[in-house]
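Asker: Sequence:
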Amino acid sequence: MFSSSDGFGWSKLLFSAMCAILLTFCTDVTNGLKNLQISIPQAVVSGGSAVLECTYDLEGDLLYSVKWFRGKTEFYRYVPKENPRTRTFASSGITVDLNNSTDTRVSLINMQRELSDYYRCEVVTDIPKFYTAVGSSYLIVVVPPKSRPQIETDKWKYPYGEVIRANCTSGPAYPGVNITWYRNNEMVKETSETVIAGDVNGLVETIISTLEMDLKPDKYRLECVANQYDVYKESSHYHDIIQEAPESAAIQKNAAATGSRGVIPFSNMLITFLLAMSYWILELV
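Going by my numbering, 115 is the number at position 115 of the sequence shown; the sequence numbering is gapless.
Because the hints were derived from the structure by calculation, they are not lab data. Quantities reported herein were computed from a predicted structural model and do not represent experimental measurements. Each residue gets a CB set at the ideal place from its N, CA and C atoms; glycine is no exception. Heads up, a few of these hints could be off.
As the list claims (entries may be wrong) - Result set (DMTMM-like, lysine to aspartate or glutamate): computed pairs, CA atoms no more than 20 Å apart in a straight line:
1. 155 to 223
2. 216 to 154
3. 72 to 122
4. 34 to 53
Stated by the list, open to error - Pair by pair, the computed Cβ-Cβ distance ranges are:
5. 234 to 138: 21 to 29 Å
6. 49 to 210: 31 to 39 Å
7. 136 to 165: 40 to 48 Å
8. 136 to 81: 24 to 32 Å
Construct all of the structure, not just a fragment, from the sequences and the given hints.
Answerer: Rendered as structure tokens:
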């Protein structure tokens, strides 16, 4: 038979053991793999390269593997215990530059439009814990236009009161470019855009941006700029237009006065003739 003091002793021992287990568990969680961060460019130009980085803190644990995926397809693996440590998968359609790829970075070359996707890094620690951390981000492969945007207007001089209409056209690209208008080097916001589908997949787009303005009489210089993320930016040639001034009353009066100097009105001629006749008659009398 156990005395009450023995029961208290066993309870105390059991409580201490549970605390030790919990402390060990909490310590393992705290000291495990953490601080995984990925750095993936938002966009790259078709045919170009991209460097994807994946950094992490093992907190004293050993690294088991680092794997990279495009969508659900693995394309690169780093395992420090294997020889060679790096491995690629041709079925992914991605070309990896192994000479510039490690456990924390992978270098991709000859990127193509169809490789636009989510890219994911998966880090796993070695036995006995096998902690796993994952990070992902989207990368788009841009196909820029082959030429700079073009501005078109139906005329270069507009009568007073007529609305000025101009189009800026940027050629086929993926994705369709963003177009920004400038008038005398100041950005214009009042625009509308039309998207025209390009290739059979509808992936390449031609963009037409229309600008309509009701302006004060003056000379204006138009410019449109096409851009795709931070990898492409091109401006059109300058396009000059004129909004004519109205013909004022003063101008009309001066024009009439100028025209009267060369022609004597008929009423003035008649008065002169009558005065001359009256003078001649008086002379006869």
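Asker: All hints, please: hold or fail.
Answerer: Hints, one by one, checked against the model:
Proposed proximity of residue 155 and residue 223 is supported: the alpha carbons are some 16 Å apart, at most 20 Å. Our distance criterion of 20 Å between C-alpha atoms is met by residue 216 and residue 154, whose separation comes to about 19 Å. For a cut-off of 20 Å, the pair hint linking residue 72 to residue 122 stands: about 12 Å separates their Cα positions. In summary, the hint linking residue 34 to residue 53 is supported, as the alpha carbons are separated by about 16 Å, within the 20 Å threshold.
Range check, residue 234 to residue 138: about 24 Å between beta-carbon atoms, so the 21 to 29 Å window is met. Checking the proposed 31 to 39 Å range against residue 49 and residue 210 shows it holds: the Cβ atoms sit about 37 Å from each other. For the pair residue 136 and residue 165, the supplied restraint of 40 to 48 Å holds, since their beta-carbon distance comes to about 45 Å. Separation of residue 136 from residue 81 is about 25 Å and conforms to the stated range, judged on CB atoms against 24 to 32 Å.
Violated hints for the displayed structure: none, as all numbered hints are satisfied.
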